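Peer 1: Bring the two chains, given one by one in their own frames, into a single complex with the hints.
Each chain, letter by letter, is given below.
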Amino acid sequence: MALQITTARPDPALLDLPWSTPLEDWPEEHLAALPRGISRHIVRFVKLSGRVIAVKEIKEDIARREYAMLRNLRRLDQPSVEPFGVVSGRVAADGTPLDACLLTRHLKFSLPYRALFSQGLRPGTETRLIDALAVLLVRLHLTGFWWGDVSLSNTLFRRDAGSFAAWLVDAETGELLPALSDGQRAHDLDIARVNIAGELMDLQAGELLDEAIDPVVISNRIVTRYEELWRELTAMEEFDTGERWRVEERIRRLNSVGFDVDELAISTDIDGTRISIQPKVVDAGHHSRRLLRLTGLDVGEGQARRLLNDLDSYRAASDRQNDDEELVAHDWLTRIYEPLTRRVPRELSGKLEPAELFHEVLEHRWYMAERAQHDIPIEDAIEDYVASILPSKPDEVSVVGVDTVEMPVIAD
Amino acid sequence: MATVKYDESTRIYPGNDTPSVDRLNIDIKDGEFLVLVGPSGSGKSTALRMLAGLEEVNGGKIWIGDRDVTNLSPKDRDVAMVFQNYALYPHMSVADNMGFALKIAGVDKGEIRKRVEEAAKILDLEPYLERKPKALSGGQRQRVAMGRAIVRSPQVFLMDEPLSNLDAKLRVQTRTQIASLQRRLGVTTVYVTHDQVEAMTMGDRIAVLKDGILQQVATPREMYDNPANVFVAGFIGSPAMNLVSVPVTDGGVKFGAHTLQVPRESLEGAGKNVIVGVRPEDVEVTGQGEGLEITVDVVEELGADAYVYGTPTDENIKLEGGDDALAKPFIARVDGRRVPMKGDKIWVQPHTDHMHVFNAESGARLSH
Ligand SMILES: Nc1ncnc2c1ncn2[C@@H]1O[C@H](COP(=O)(O)OP(=O)(O)OP(=O)(O)O)[C@@H](O)[C@H]1O
Ligand SMILES: [Mg+2]
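Residue numbers (UniProt numbering), protein chains in the order written: chain A, 1 to 412; chain B, 1 to 368.
So here's chain B without its partners, still in its complex pose (with noise of 0.2 Å):
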C-alpha cells in the first residue's frame, strides 16, 4: 500500500513546444481509487505513463510511498498495469491461470496458492479454481484476468481505459466490477478514461486535465456542486451544464428580462461580461416574460420528468460550449406531467441556490 504524489511532474515529448502534462501536482491517499480524466490530447494517459516508469520525466518529480521513482525502470517501481495484455491459457486450470506469473517471478508454490485462493476468494471465485477457462462464463473470465493482477500485490494498480474495447453492457458490468474490487482490496489505483460518467462513477477523486493542464482534483460531488472553471463545469455531468454569457448590471446579472442576485464580492474583477452555469435539473420554468426565453426543438420524455431542449429566442445570447458546425441547446429538466410541446416558448431562470457564475475571459469560477 502506498500514496502517490506527483510533484511538479513535466512531460515535453521531444520537437514539442508546450509540455504533453505541465507540472502536474497531485497527492493521491494510500487505498484511494483516483480517476484521470479528460478529452483525447489532455495529457491523462502520458501522466500515468510517467507512473509506470513509461514515459520519461522532464521536470519535477513522482513518489510512490517515499520512494522517488523518477527515474526507475518500471519494474523496479512494484506498480502493475492491469488489463493490458489478457489471455486466458485453455488447458491451465484458473489457479493456474491466476498464478503462473507469479511462477515466473520465482514465487514459492505455497505462497503461489496462498495468494491465488485470497484472490479467488475476492473474486467469487473460489469454487471454480480446478475448473478450466473454457468452462466460465464471459463475466467470470473477465475476474480471472483481474486475479491475474492482484495476486501480484503491487502498490499500486494503474489502468489504462481498460474497457474501451469491450462492448456496452459488458462495460457497465466490468465498470461496476472493478470500482467495488478496488475497495475491497484497498489497493490505491490511477485509472484513465475519457468517459465523464465512468469517472465519476468510479473515482473516489477525479483529476481533470486538459492541453496537459490539471483543472481541478475533488471527489465527484465536490467536482459537480463547485467545478473551478468552465471547462470543468461543461465536462463534467450529463447531460452537460448550460453556461450562458450575460452581462453585469447593479446589483447582479442580467438573465433575459430578469436581474439575478449575485453578491458583489463574487463580481469583484469580472469584467462586462460572466458566464452564468446552471445544470439542466436546475432550471426553474418561470411565468411568460420571467427570465430567458427558450424555444422548445426537442422533448425527450423520461416518465417522470422529462428533458427539453431548445434555442435562446434571443439571438444574441449564445451558448458556450458548442462548436461551430452544432449550437449548443439549452437543456432543461422538467415536470413530466407539465412538459411543453415541440415550438412552444418556455421562460426560464436557474435556482438561485444552484447558479454557478464564471469569469467571461478566464473562466475560473467567481461564486462559490
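So here's chain A without its partners, still in its complex pose (with noise of 0.2 Å):
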C-alpha cells in the first residue's frame, strides 16, 4: 500500500520524514525533543518547515478517529492540542507494515506537568495545576465532550499570569455527545481523581515532589473545583422580585471565574413573587475575548485579565475616563506593552510568552516598588528584570529533556 497523508495544511516537508521507520529508531537530526508525559504509545516531537510536530505511532482507525475529534473540539473552540495530520500505510523497507502515525502541532509554551515539577516548583503549583485542570474539565462538559481519560499526563499546562490554563492534548478516548448525564460526569472526575493521584505518588516514588504534600488530598481537590465551578456555572437560584440585582450579581459572578453568559433563563412563578434565573450558554474566556476586542491580543485568561488591570490603570493615570475605550486600548497597548516587550533581547525570547513577560514585570515592579518605598517606571522594571531575572529562567517555548516514559502495549 502506498503511504497517505491527510493534513489540512499540505506541506511537502512532511514526504521528506523516514516514514518506512519505526518511530522508536527515528534519527536524531528530524528529533526535537522528548515529551513528557505518561503514554502507552510511541510520541517524538519532530521538527517539520520551522515548527515542532509531535508525531504519535498509533493504530489507523484510532489516529483518525483522534485527529477527527481534535479538529471538532478546535470547532467548538476548546482548548486543545492542534491536529494537523495522519500518516499511514506505512511500509517498513522489510516490507512489514507500520502502524499510523497522528500529527499535532506542538503547543508552544506549553509544559508538560512531569517537566514542570522536574523545575523545583513554587509552593503550591500543584494545586493550581489542579485548579486548571478543573477548568478544562468543565468547559469540556459543557460542550459535551466526554473525555474518559483525564490525567495531568493527558493535559498541557500553559502558564497564565501566575497560575495555569489547562490544554487537550490526549483524545483518543473522548465522545462528543448532545450532553452529558450525571453518571458520565462523576465517571469523567473519578478517573481524573484516580490518576492525579497516582502521577503525584509516582512523582513522590521518583523524589520529584515533596513528601509532605498528600496526593490523596490534592486528588480530592479536582472533584471540589469542579463541582464548586459547575454549580456557579449551571445551577438554578431564586429570589423574590424585588431582589432583581442578583441577576447581574450572578453574571458578574460568572465574569469573574471568566465566563460570559450568553443565555440566561429567567422566569417568574404564577403569581410573580418569585423569580428563577438559571444559566443555559456559558462561554470561556470572559477577559481573553474582551481584550482582543479592544488590543488584538491573544492571550490567556489570566493574562488578559491583569492586562486589562493596567489597561484601567493606565486610563486612570492619564485621566482618559472620558474617552474612547478603543482609543485608549490602542495607545496602551503601542505606548505601553509593545515597547515593553520589545526590550527582550532575541537570545531571552524563548524564555517566556510576551504576556507572561509582561505579567511577571509588573509583578517585579511591585517588589522593587516595595523594597525602595517608593512608585518605580515601568522602563526601570523591565531593565532590571531582563537584567537580574529572566536570563535565569529555563527556556520554555519547546520544553526539552529525556526522562520520556513510555509503556508500549505490544505483544511478547
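Because the hints were derived from the structure by calculation, they are not lab data. Note that the structure is a prediction, hence the values are computed from the model and not measured. Ideal Cβ placement from N, Cα and C applies to all residues, glycine included. Errors might be hidden in some of the hints.
Within a straight-line C-alpha distance of at most 20 Å, the following computed EDC-like cross-link-like pairs (lysine to aspartate or glutamate) qualify [said to hold, decoys possible]: (1) B/Lys169 x A/Asp214; (2) B/Lys169 x A/Asp61; (3) B/Lys103 x A/Asp214.
Which chain B residues face chain A? A few, computed with CB under 7 Å, are given here [said to hold, decoys possible]: (4) Glu56; (5) Gly60; (6) Trp63; (7) Ser73; (8) Pro74; (9) Met92; (10) Phe100; (11) Ala101; (12) Ile104; (13) Val107; (14) Asn165; (15) Gln177; (16) Ala179.
Between beta-carbon pairs, the in silico distance windows are [as the list claims (entries may be wrong)]: (17) B/Asp124 x A/Leu348: 51 to 57 Å; (18) A/Ala93 x B/Glu361: 56 to 62 Å; (19) A/Leu15 x B/Val298: 35 to 41 Å; (20) B/Gly65 x A/Ala32: 31 to 37 Å; (21) B/Lys121 x A/Asp214: 26 to 32 Å; (22) A/Val216 x B/Ser73: 17 to 23 Å; (23) A/Asp214 x B/Asn71: 29 to 35 Å.
Peer 2: What follows is the structure in C-alpha cells.
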C-alpha cells in the first residue's frame, strides 16, 4: 500500500520524514525534543519547516478518529492541541507494515506536568495545576465532551499570569455527545481523581515531589473545584421579585470566574413573586475576549485579566476616563505593552510568552517599589528584570528533556 | 459476587423516536461471563453503560443482586469498568501500581497488601511485585493493569471493547487471558464487543443485539446450532451460514432440483417461500443434477479441507445477507483431497440433520 497523508495544511517537507522507519528509531536529526507525559504509545517531537510537530504512532482507525475528534474540539473553541494530519500506509524497508501516525502541532510554551515538577516548584503549584484542569474539564463537559481518560499526562499547562491554563492533549478515548449525564460526569471525575493521585504518588516515588504533599488530598481537589464551578455555571437560583439585582450579581460572578453568559433563562412563578434564573449557555474567555476586541492580543484568561487591569490604571493615570475605550487601548498597546515586550533581547525570547513576561514585570515592579518605598517606572522594572531575572529562567517555548516514559502495549 | 438483571430496561436518547435499547431482559447468573455482541448501533455499549450508571434508564429497571440500582450513581453500584484507563507509573513498584487506587479509597495498608498478593498470585505476577513496570514484558504489563481492577474486588466487571486498540497478536493473547482469569476469579462479568469470534470464544453466554432489540441469549454452542432467527444465523459463525430463499412445496422445500423433507408442522404459518440456512461445513457435495448448482469462483485451501466460494448458476436464486454492492457467495467446506477448480460446476444440498429453516417474512426460526 502507498503512503497516505491526510492534512489540512499540506507541507511538502512531510514527505522527507523517515516514514518507513519505526518512530522509536527515528534519527536524532529530525527530532526536536522528547515529550514528558506518561504514554502507552511512542511519541516524538519532530522538526518540520520551522515548526515542531508531535508524532504519535498508533493504529490507523484510532489515529483517524482522534484526528477528527481534535478537529471537532477546535471547531467548538475548546483548548486542545491542534491536529496536523494522519500518515498511514507506512511500510518498513523489509516490507512489514507499520502503524499509522497522528500528527499534532506542538503547543508553544506548553509544559507537561512532569517537566514542571522536575524544575522544582513554587509552593502551591500542584493545586494551581488541579484548578486549571478543573476549569478545562468543566468547559469540555459543558460542550458535551466525555473525555474518558482525564489525567495530568493527558493535559498540557501554559503559564497564565502566575497560575495555569490547561489544554487537552489526548482525545483518544473521548466522545462528543449532545449532553453528558450526571453519571458520565461523575465517571470522568472519578477517573481524574484516581489518575491524578497515581501521577502524584509516582512523582513522590521518583523524588520529584515533596513528601509533605498528600496526593490523595490534592487529587480530591479536582472534585471539589469542579463541582463548585459546575454549580456556579449551571445551577438554578431563586429569589423574590424585589431582589432583581441578583441577576446582575450572578452575571458578575460568572464573569469573575472567566465566563460570559450568552443565554440566561429567567422565569417567574404564577403570582409573580419569585424569580428563578439559570444560565443556559456560557462561554469561557470573558477577559481574553474583551482584550482581543480592544487590542487584538490573544492571550490566556488570567493574563488578559492582568493586562486589562494595567490598561485601567493607564487610563486613570493619564486621566482619560471619558475617552473612547478603544482609543485608550490602542495607545496603551503602542506606548506601554509593545515597547516593553520589545525590550527582551532575541536570545531570551524563548523563555516566556510576551504576555506572561508583561505579567512578571508588573510583579517585579511591585517588589522593587516595596523595597525602594516609592513608585518605580515600568521602564526601570523591565530593565532590571531582563538583567537580573529573565536569564536564569528555563527556556519554555518548546520544552526539552530526556525522561520520557513510554509503556508500549505490544505482544511479547 | 452477584447476579445482574436487565428488567425491561429501556434507553431513549433525547430527540430520538426509537429506543437505543428497547425493553431489554437478561438474567445474568452469579459468576457468569456474558458477552453483549452486535453490529455498530445495536445498543450493546448503551446497555453496558446503563448497567454502569453512565447512561440514564428511561424505562424498566436494573438489578445487581437484590439491589435495584436503576437510579444509583456509578460509584454506588460496586461495579468496575476495566481497562478504560490503563496507565502504569514508572517510579512505582508493580505492587504499588496495582494497589494505589485502594489507598485513595482509604483501605488500610495490610488489607491492600493482602489483596495485591492474592491478585498477583492469580496473575502470575508474584515474583515481580517489587520490580518497576519497565522491567516487565508487554503481556506482564497488561496483567498489572488487570490487577488494578481485580484488587478492587467489585461485584461486577464491565468491559467495553477492551481489546480494540491492541494489535492483532496481542488481542488474541489478551482475549484468552481475560477469559481464563475471569473463570478463576468467578466474578460476574459483562463484556461488549462487535466481534462475534471474540464473543464465541470468551462468553459463557452471548446476547446478540440488533437495533436496540435483543435477538437471542444463549451459550455459544446453542447459538451456533439453533440460531433464533435469520439475523443471528448470519451474524454468528465464520465463515457465515448460507441463507437461501426457496419455495415451499408438498412435503418440504425445493432446494434446486431436490425437494428437502421438512416436517409439515415446521412449515405452518410460513408463506410461499422460506429461508433455508446451512453452514459451510454442513454442505454436502452431491452428484451432477442433484440439489443446487453452484459455479465455483474461488477456492481457499486449508490442507485437510478447503472452502469453496461460488454463485448459484440459476440467477433467480438469491442469497440473504449480501448488500447491494457485493453479492454474498455460497460457501461450502469440501474434502481437501477432492477440491473443485475455479469455473467448475458443483451440486450441493444441506446435510438434512443440520439444516435451519426460517420464516421468510419475520426471519424467525421454523425448524428446531
Ligand atoms: N501537540 C503536542 N504538544 C505538546 N506535547 C504533546 C503534544 N502531543 C503529545 N504531547 C506529549 O506527549 C505525551 C503523550 O501523548 P499522548 O497522551 O497523546 O499519548 P498516548 O500514548 O495516547 O497516551 P495514553 O497512554 O494516555 O493513551 C503527552 O503527555 C504530552 O506530554
Ligand atoms: Mg496520553
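Peer 1: Work down the list of hints and note, for each, if the structure agrees.
Peer 2: Okay, the hints, checked on the actual structure:
no., hint, in the structure
1, B/Lys169 x A/Asp214, "violated, 41 Å"
2, B/Lys169 x A/Asp61, "holds, 17 Å"
3, B/Lys103 x A/Asp214, "holds, 12 Å"
4, Glu56, "holds, 5 Å"
5, Gly60, "violated, 17 Å"
6, Trp63, "violated, 17 Å"
7, Ser73, "holds, 6 Å"
8, Pro74, "holds, 5 Å"
9, Met92, "holds, 5 Å"
10, Phe100, "holds, 5 Å"
11, Ala101, "holds, 5 Å"
12, Ile104, "holds, 5 Å"
13, Val107, "violated, 12 Å"
14, Asn165, "holds, 6 Å"
15, Gln177, "violated, 12 Å"
16, Ala179, "violated, 17 Å"
17, B/Asp124 x A/Leu348: 51 to 57 Å, "holds, 55 Å"
18, A/Ala93 x B/Glu361: 56 to 62 Å, "holds, 57 Å"
19, A/Leu15 x B/Val298: 35 to 41 Å, "holds, 38 Å"
20, B/Gly65 x A/Ala32: 31 to 37 Å, "violated, 55 Å"
21, B/Lys121 x A/Asp214: 26 to 32 Å, "holds, 31 Å"
22, A/Val216 x B/Ser73: 17 to 23 Å, "holds, 20 Å"
23, A/Asp214 x B/Asn71: 29 to 35 Å, "holds, 34 Å"
Checked against the numbered hints above, the structure violates hints 1, 5, 6, 13, 15, 16, 20; every other hint is satisfied.
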